[in-house]
Amino acid sequence: DAKTTQPTSMDCAEGRAANLPCNHSTISGNEYVYWYRQIHSQGPQYIIHGLKNNETNEMASLIITEDRKSSTLILPHATLRDTAVYYCIAADRLGNEKLTFGTGTRLTIIP
Amino acid sequence: GAVVSQHPSWVICKSGTSVKIECRSLDFQATTMFWYRQFPKQSLMLMATSNEGSKATYEQGVEKDKFLINHASLTLSTLTVTSAHPEDSSFYICSARLGGNQPQHFGDGTRLSIL
Chain V
1 DAKTTQPTSM DCAEGRAANL PCNHSTISGN EYVYWYRQIH SQGPQYIIHG
51 LKNNETNEMA SLIITEDRKS STLILPHATL RDTAVYYCIA ADRLGNEKLT
101 FGTGTRLTII P
Chain Z
1 GAVVSQHPSW VICKSGTSVK IECRSLDFQA TTMFWYRQFP KQSLMLMATS
51 NEGSKATYEQ GVEKDKFLIN HASLTLSTLT VTSAHPEDSS FYICSARLGG
101 NQPQHFGDGT RLSIL
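Chains as they are written, first to last, in the numbering used here: chain V, 1 to 111; chain Z, 1 to 115.
I should point out that these hints are in silico values taken from the structure, not numbers from a laboratory.
Because the structure is a prediction, the values reported are computed rather than measured.
Do not rely on the hints blindly, as some may be mistaken.
Below are the BS3-like pairs computed for lysine-lysine, each with C-alpha atoms no more than 30 Å apart in a straight line [claimed, not checked]:
| id | chain 1 | residue 1 | chain 2 | residue 2 |
| --- | --- | --- | --- | --- |
| 1 | Z | K55 | V | K98 |
| 2 | Z | K41 | V | K98 |
| 3 | Z | K66 | V | K69 |
| 4 | Z | K55 | Z | K66 |
| 5 | V | K98 | Z | K20 |
| 6 | V | K69 | Z | K55 |
| 7 | Z | K55 | V | K3 |
| 8 | V | K3 | Z | K64 |
| 9 | Z | K66 | Z | K41 |
| 10 | V | K3 | Z | K41 |
| 11 | Z | K66 | V | K98 |
Just need the whole structure built from these sequences, with the hints factored in.
See below:
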């Protein structure tokens, strides 16, 4: 699986959009970009995933660059409950289904 | 939808005992389930991949005789930590996926403390 790089930590003001970047410059053509988050002492929560088109669901939007070497997760109106560690993972859905978790980005929403 | 239930949420037991953790997919049939372990201040580490009706595939460095995995049905996988010792104390998390393009969904984890 492609290695991903994320900032260690970020702060965002409550009510503002939180933009979390992720670099995956070695991603291969059949690897999806998955985003999960983990709130303290809980299991990871699935947020969104995509291959090359931008995706949006009720939780977030995922913007993938045209060359697919990076992506940005957008939480449109951050709340205090969005404080968590966010993981960006590139994984091959066709054969290798394993998710390799890195260190993620610790997002803190500031009141 | 896509709810994964894990039981128990936490367990404390004496060194040398065996502990069984259950992982259930409540509203879907999971072709594959995964078991992860997370030590304090660290990220999740995959322990093994479990396919219904077949033997689990363990990651390098994970002892298959110590961490017994059974995936007897499409909705249940169990992890048994045999002869647990204090160094096995950790947060154990399972996940399940339907298949195809569907993502993995995680349980809420089991915090295991061995005294």
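Quick rundown of the hints versus the structure:
For a cut-off of 30 Å, the pair hint linking Z:K55 to V:K98 stands: about 16 Å separates their Cα positions. A hinted pair counts as satisfied when its Cα atoms are at most 30 Å apart, and Z:K41 with V:K98 qualifies at roughly 21 Å. For the given pair, Z:K66 sits about 40 Å from V:K69 by alpha-carbon distance, which is inconsistent with the 30 Å threshold. The hinted pair formed by Z:K55 and Z:K66 meets the criterion: a straight-line CA distance of about 15 Å does not exceed 30 Å.
With a CA separation close to 23 Å, the supplied pair V:K98 and Z:K20 stays within the 30 Å bound. Only pairs whose Cα atoms come within 30 Å are accepted, and V:K69 paired with Z:K55 is rejected, the gap being roughly 36 Å. For the given pair, Z:K55 sits about 28 Å from V:K3 by alpha-carbon distance, which is consistent with the 30 Å threshold. Restraint check: the Cα-Cα separation between V:K3 and Z:K64 comes to about 27 Å, which is no more than 30 Å; the hinted pair holds.
For the proposed pair Z:K66 and Z:K41, the alpha carbon gap of about 24 Å is at most 30 Å, so the pair holds. A threshold of 30 Å between alpha carbons decides the hint, and for V:K3 with Z:K41 the separation of about 20 Å falls inside it, so the pair holds. Restraint check for Z:K66 and V:K98: satisfied, since their Cα atoms lie roughly 21 Å apart, inside the 30 Å limit.
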